[in-house]
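2 protein chains.
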Amino acid sequence: MKYLHTMVRVTDLEASLDFYCNNLGLVEVRRKEVPAGRFTLVFLAAPGDKAGELELTWNWDPEEYTGGRNFGHLAYAVDDIYGLCQKLMDAGVTINRPPRDGHMAFVRSPDGISIELIQKGDDLPATEPWLSMPNEGSW
Amino acid sequence: MKYLHTMVRVTDLEASLDFYCNNLGLVEVRRKEVPAGRFTLVFLAAPGDKAGELELTWNWDPEEYTGGRNFGHLAYAVDDIYGLCQKLMDAGVTINRPPRDGHMAFVRSPDGISIELIQKGDDLPATEPWLSMPNEGSW
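So the protein lines, in turn, are chains Y and X. Just so you know, we're using the numbering used here here: the first sequence kicks off at 7 and counts up by one. Just so you know, we're using the numbering used here here: the second sequence kicks off at 7 and counts up by one.
These are computed hints drawn from the structure, not numbers from a lab. Hints should not be assumed to be uniformly reliable.
Since copy identity is lost for identical chains, a pair holds within one copy or between any two.
Unchecked claim - Quick list of in silico lysine to any residue cross-link-like pairs, SDA-like style, CA-CA up to 25 Å:
1) Lys-38 to Glu-61
2) Lys-8 to Ser-144
3) Lys-8 to Pro-131
4) Lys-8 to Gly-108
5) Lys-8 to Ala-81
6) Lys-126 to Gly-74
Note that this is a predicted model, so its numbers are computed, not measured.
Taking the hints into account, I'd like the entire structure generated from these sequences.
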């Protein structure tokens with residue numbers, strides 16, 4: 007038995023690829039367009055470790071997606087949590103739970119999927135501006 | 007960067023462990039009880055391939071969880087999709103999308119998390135009772 011992927015639905019494929027790839031740093035592994043069903047599947051993965059994929063389902067006919075409490079979040083280990091959070095902030099992404107401890111942060115995708123970022127290896131030294139940055143919203 | 011886990015919240019830890027471990031076949035990798043926060047985290051993984059974990063969060067104070075459309079499902083490759091679906095049915099689990107094609111099935115966790123099961127390698131030959139088994143509910 008083997009874990010393959012987590013699937014999330016996206017309302018705007020371009021906005022989601024911008025978030026997951028350009029900002030977060032995942033890479034597109036493959037894509038399947040299904041005109042008969044009017045949907046596109048895009049499989050993403052962390053660069054250098056493609057074992058666990060994220061499947062984006064984009065239905066061509068507009069839908070709006072909301073979240074539920076039974077799903078919590080997706081978690082990724084990252085090389086430099088401060089650098090990544092800065093890059094996300096610069097791109098206009100809200101850091102809902104800043105990495106005050108040099109260890110953990112939470113952000114949300116354009117469709118409200120909560121993403122946990124965890125520093126690989128030892129925590130980074132606590133430092134500003136992260137140390138005194140308040141939480142914003144929920145995650 | 008590396009995918010670590012998907013977290014889901016569970017209302018009843020024992021019922022969830024029965025579903026995910028006894029029925030589905032995942033194994034418990036580690037557990038963390040946090041009395042100060044009144045919650046328990048249990049990390050599960052597919053036996054033999056523990057790269058992508060499933061984190062169950064059980065809050066000790068009762069909550070009821072519902073789903074949202076932004077999250078789709080978790081997917082696992084399985085060795086024998088017919089054998090596993092029979093085991094799940096025998097345990098009282100509804101097969102929402104039976105493996106009519108010997109390739110794919112969907113079930114739901116006690117908290118409504120949709121789980122996709124995909125036959126490893128070649129599809130199994132189409133056979134009864136699966137071939138004529140109707141869908142039940144949504145997934």
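A quick look at each hint next to the structure:
1. Taking CA atoms no more than 25 Å apart as the test, Lys-38 paired with Glu-61 passes inside one copy only; the shortest distance there is 11 Å, against 29 Å between copies.
2. Only between protomers do Lys-8 and Ser-144 lie at most 25 Å apart by alpha-carbon distance; the minimum there is 24 Å, versus 32 Å within a single protomer.
3. Within a single copy, Lys-8 and Pro-131 get their C-alpha atoms only as close as 36 Å, which misses the 25 Å cut-off; across copies the closest is 21 Å, which meets it.
4. For the homomeric pair Lys-8 and Gly-108, the shortest alpha-carbon distance between copies (17 Å) is at most 25 Å, but the shortest distance inside one copy (32 Å) is not.
5. With identical chains, the CA atoms of Lys-8 and Ala-81 are at most 25 Å apart both within one copy (18 Å) and between copies (9 Å).
6. With identical chains, the CA atoms of Lys-126 and Gly-74 are never at most 25 Å apart, being 29 Å at best within one copy and 30 Å at best between copies.
Of the numbered hints stated above, the single one contradicted by the structure is hint 6.
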